[in-house]
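Colleague: Same order as they appear, the protein sequences are chains R and S. According to my numbering, the first sequence is numbered sequentially starting from 333. According to my numbering, the second sequence is numbered sequentially starting from 288.
Worth flagging that the hints you see were computed from the coordinates, not collected in a lab. Treat the numbers as computed from the prediction; the structure is a model and nothing was measured. Don't take each hint at face value.
Below, simulated DSBU-like cross-link-like pairs (lysine-lysine); rule was C-alpha separation at most 35 Å, straight line [unchecked claim]:
1. R:LYS379 - S:LYS465
2. R:LYS466 - S:LYS512
3. S:LYS465 - R:LYS537
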Amino acid sequence: MQPAAAAPNQSPASASAGANFLTVNNIEVVYSRVILVLKGVSLTIPKGGIIALLGANGAGKTTTLKAISNLLHGERGEVTKGSITMDGVEVHRLTPNELVTRGCIQVMEGRRCFGHLTIEENLMTGAFTRREGKAEIARDLERVYAYFPRLKQRRGSMAGYTSGGEQQMCAIGRALMSRPRMILLDEPSMGLAPQIVEEIFGIVKDLNEKEGVSVLLAEQNTHMALRFAQYGYILENGRVVMDGEAQELRENEDVKEFYLGISEGRRKSFRDGKHYRRRKRWLA
Amino acid sequence: MVALGQFLEVLLSGLLAGVLYSLVALGFVLIFKASGVFNFAQGAMVLLAGLALVRSLDLMVAKGLPFWAAVIIGLLFAAAIMAAMAFLVERFVLGPLANQDGLTLFMATIGVTFMIEGGAQMLFGSNVYPLRLYPDDAWFMFENIFEGGILLNKLDVWGGVIAGVLVAGLALFFQWTKTGRALRAVADDHTAAQSVGISLNWIWFVVWLVAGLVALVAATVWGTKLGVQFSITFLALKALPVLIIGGFTSVPGAIVGGLIAGAGEKLAEAYLGPIIGGGIEYWFAYVLALIVLLARPQGLFGERIIERI
Chain R
333 MQPAAAAPNQ
343 SPASASAGAN
353 FLTVNNIEVV
363 YSRVILVLKG
373 VSLTIPKGGI
383 IALLGANGAG
393 KTTTLKAISN
403 LLHGERGEVT
413 KGSITMDGVE
423 VHRLTPNELV
433 TRGCIQVMEG
443 RRCFGHLTIE
453 ENLMTGAFTR
463 REGKAEIARD
473 LERVYAYFPR
483 LKQRRGSMAG
493 YTSGGEQQMC
503 AIGRALMSRP
513 RMILLDEPSM
523 GLAPQIVEEI
533 FGIVKDLNEK
543 EGVSVLLAEQ
553 NTHMALRFAQ
563 YGYILENGRV
573 VMDGEAQELR
583 ENEDVKEFYL
593 GISEGRRKSF
603 RDGKHYRRRK
613 RWLA
Chain S
288 MVALGQFLEV
298 LLSGLLAGVL
308 YSLVALGFVL
318 IFKASGVFNF
328 AQGAMVLLAG
338 LALVRSLDLM
348 VAKGLPFWAA
358 VIIGLLFAAA
368 IMAAMAFLVE
378 RFVLGPLANQ
388 DGLTLFMATI
398 GVTFMIEGGA
408 QMLFGSNVYP
418 LRLYPDDAWF
428 MFENIFEGGI
438 LLNKLDVWGG
448 VIAGVLVAGL
458 ALFFQWTKTG
468 RALRAVADDH
478 TAAQSVGISL
488 NWIWFVVWLV
498 AGLVALVAAT
508 VWGTKLGVQF
518 SITFLALKAL
528 PVLIIGGFTS
538 VPGAIVGGLI
548 AGAGEKLAEA
558 YLGPIIGGGI
568 EYWFAYVLAL
578 IVLLARPQGL
588 FGERIIERI
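The whole structure should be built from the sequences, with the hints applied where relevant.
Modeller: This is the structure in structure tokens:
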């Protein structure tokens, strides 16, 4: 199986600068004016690509996503250096709702469905920025239900009472209702059973292929993310420490050791692993 | 039969008085739900709406406009004033203070209260202005059942009807319109709402506007009852026990809380008053609120927190 080669025409390495949907250029993010979280992150998202953003807890994945969707302000964070451009427009000049209107929407970590609204109402909130008529939006609702048949069954339930997997589907479906060109997907696998994760990733891949939606996928589940993405960036302590084709990353010794839990030769004990890590920090 | 008739009379007049408290409490609930701001200025907004209405009405009647036309234009003018207030509050107070602590926002609304009180009286004058929108005379019901019938004030009955229409309208707005749905989404999780493209500034403007219109409705009833005057701002204090009884986040809670507070204080005055001395009416609602706080701190209709187990 070669997911990286599944869509060769979409491969970021071969994409020219003009085909990039989004460019993040060396950004620095500071929270509350003192806490430096991102120390120069650069990445590009080609049109129609799935890009994985990998890293441990606190590496800066969520912050990167929020910087792109301009939601940092709510947490007193700001981009102090560098630039983010989407389709040639500086993102920081746009409000979050203008960004959604232009086709960039974030599915936040932890689902964040509106618990007291029904599943269908949740989906409809995603169409807030749409200016088309009711018929068009109803058609999109059916389209979302076609991708997530489970949501159709639970359309009348309060989102707060549905399962974690259903909430994740609801959150993705809600984002789809805005007719996005790019989805920033933050840890969709969090707290879900492997089977559900598989199902959700499959749907995301489907969306990407059929609707041409670009995806920036922030994940801790490196194994899953690299199976579905074409290209990956690895963040550590607010810096990109490595990037490359998904295939290449999966075969990299360090990625195997630190993120995939596979090692060459004899199986190391946990203590060995820690020792090894302490001795050899990446690119440090 | 006489005792029962008396009881019903006290109960009904209490419930109807309670509806009027609910009208003020409703404005609080709307803003608290959508933005987590405890809006101390709600009472001042009733004053502003009342003054705008009564002063424009008086002016137009003096110019010789027929009364019904003057009422319509006056209501529209007052609504426009409330919209301007909502815009200014959102633009210059809440917008810049977004994501601050709840207490900070509460302090800001205290500031807004003084601005509105001062501004309203500077623009429209500070005397007592009588408002005559509803009939204000006594009304005897069920005279064939009870000896002497049940005495009600027509104004209170009107107040009840109007509050009912208002609540039904708000319920429809919240349940079935796009903006209403967005308002409920913001009440649930404002960051998530922002992430799907709902503009918080727009929602806050809308919610302050709706609270302003509710204040306008409250002002028509209270203004007819008391005359439009500065003391109307203290209605905000009457709404407090109502909110504690009903729960800060519930529209039905504001209504039921108002009914309980109104009926409770009238009944206590009539039946407990002779035993422990009169004047209970003015503080009994707070006793009820205290009991609710001890037994059910989120209020009778306070938000059930949905948590997955």
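Colleague: Let me make sure I understand: some of the numbered hints might not hold for this structure. Which ones are they, in numerical order?
Modeller: Violated hint: only 2; rest satisfied.
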